[in-house]
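Could you put the whole structure together from the sequences, leaning on the hints where they help?
Residue numbers (the numbering used here), protein chains in the order written: chain W, 1 to 95; chain P, 1001 to 1305.
By construction, these hints were calculated from the structure, which means they are not laboratory data. It is possible that part of the hints are untrue.
Residues from chain P that keep clear of chain W, each with C-beta distances beyond 12 Å, as calculated [unchecked claim]:
1) Val1023
2) Leu1055
3) Pro1148
Computed from the model, here is a short list of chain P residues facing chain W with C-beta under 8 Å [to be verified]:
4) Tyr1069
5) His1071
6) Gly1072
7) Cys1074
8) Asn1076
SDA-like cross-link-like pairs, simulated, lysine to any residue; straight-line CA separation at most 20 Å [said to hold, decoys possible]:
9) Lys42/W x Ala1078/P
10) Lys62/W x Ser80/W
11) Lys50/W x Thr68/W
12) Lys50/W x Glu1064/P
13) Lys95/W x Glu1064/P
Idealized CB from N, CA, C, for every residue including glycine.
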Amino acid sequence: MDRVIRVGVSGTALVTIAMVMGSGCAERPVKTPAQKFRDDQKHTDTPHGKIVPESVQDRDGKITYQTTDGTKWTVDPPRSRGDGTAEYGTPQEQK
Amino acid sequence: MQRRQFLRQGLVGGAIAIGAGGVLFFRRDQVRADVTARLLDEAMPSLTANGAAELSDLPLRAREEIRRYFHGVCLNVAGFVSHVTSDDFASRFARCSIQSDRDACLTDAFCRRVASETEILARVETIANEVGSELDRGWSTFTTTLAPKWNTRLSAYNRPLVATEITSRLDGIVHSEVLQAARIGSSAGQRPALGETAGKLGESAVLLLPLARGLGSVAPHVVIPMFVVLAAAHVWEYVSAQLIDRRGDYQAAISGRVALIGNRVAGEFEREVRRRIADLQTWQERAVREIANRLAAERIGLLTT
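So this is what it looks like as structure tokens:
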């Protein structure tokens, strides 16, 4: 009898954990590179002015955006550094 | 009596010989000066025009390239700001009692977290290569169009010159000027970014920009171009004051100010490239004058008509 109760409790606990984790994952959709860029760079100031958040888009596997001086840019999604932080490369100006 | 007459005639003959020799030397020098002036008249207008075009265009292009690079640097500045505002960094920073040590401490952190000195140097070399190629193209066009013009002028005096001979003689002088400038810089404690040997002239001339030899006792291993150190100094002074004060939203203030580093570095780089191009043009002009002089001297002798 004890064994049945133990198995039942453990099973319920496992199912609960699985449901919680599953629901957590479902509520947190994976951000696109553009969304991540928008969040990371919302306060960033560059030599060409601030980044215009509404202009940030994913396009052909790259991130495109505009700075407040009116210039349009393309940058690759960030690559991961050894210490776990992300690193953006040098952007290209869109002509 | 005969001896006196002999002496008199000898003196007269000597005077005539000296006079004739003097006239020949004078005439030779005049012809040489005239030919040199004509050769320089052929060379200088296009050399000056090329120089003006290079100075108005290339430093600005170099500035925009380094600005674009620092635009990318600014996208990664968040990690640097959170590092310099951390307690760990604060304790290290507190040990720096003078501003130059604080600058070195911040530059070291910047190189570790945002843009390594190797990366900055590589970018500078890439830009120097691009600007240098333009300079070399302009110089090469100038020398190859100059050779036939000079040949026309010199054809009256001797065999024509091979075009490559003029080019290689001009290049040789400029090359030795570049190497000499590198040696002078090194011996004056301003090691240039140029390595032991000079390759392409334009690139080598741009890479004569001086490097900061380590950053004192705080970061002796960091070797970056002097123009970066100069540009960053203004920004680090502000950041240091914020880190010491630590009031208000100092992280946002630091972040905003670090963005300015790109514009300051770009401005300093433009000035440095302009200086390097101006030096190169001085050497090129000196080379043209020297070779014009030498060609005139080689071709016009005492009895040249």
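Original post:
Is Lys62/W within 20 Å of Ser80/W, Cα to Cα?
Top reply: 16 Å, holds
Subject >> Given hint Asn1076/P near chain W, where the shortest CB pair must fall under 8 Å >> reply: Result: holds, 6 Å to nearest chain W Cβ.
Original post:
Between Lys50/W and Glu1064/P, does the CA-CA distance stay at or below 20 Å?
Top reply: Within the cut-off at roughly 17 Å; holds.
Original post:
Would you say Pro1148/P is clear of chain W, with no C-beta pair closer than or equal to 12 Å?
Top reply: About 39 Å separates Pro1148/P from the closest Cβ of chain W, which puts it past 12 Å; holds.
Original post:
Would the least Cβ to Cβ distance between Leu1055/P and chain W come out above 12 Å?
Top reply: 23 Å, holds
Original post:
Are the Cα atoms of Lys95/W and Glu1064/P separated by 20 Å or less?
Top reply: 14 Å, holds
Original post:
Was the hint right that His1071/P lines chain W, CB cutoff 8 Å?
Top reply: 5 Å, holds
Original post:
With a cut-off of 8 Å, does the beta carbon of Gly1072/P approach a beta carbon of chain W closely enough for the hint to hold?
Top reply: 4 Å, holds
Original post:
Are Tyr1069/P and chain W close enough, Cβ to Cβ, to be under 8 Å, as the hint says?
Top reply: It holds, given that the least Cβ distance between Tyr1069/P and chain W is near 5 Å, below 8 Å.
**OP:** Quick one: work out the minimum CB distance from Val1023/P to chain W and report holds if it exceeds 12 Å, violated otherwise.
**Re:** 68 Å, holds
Original post:
Does Cys1074/P meet its interface restraint, that is, does its C-beta lie within less than 8 Å of any C-beta in chain W?
Top reply: Status holds, d = 4 Å.
Original post:
If you draw a straight line from the CA of Lys42/W to the CA of Ala1078/P, is it 20 Å or shorter?
Top reply: Holds - the C-alpha atoms of Ala1078/P and Lys42/W are around 11 Å apart, at most 20 Å.
In the structure shown, no violation is registered for any of the earlier numbered hints.
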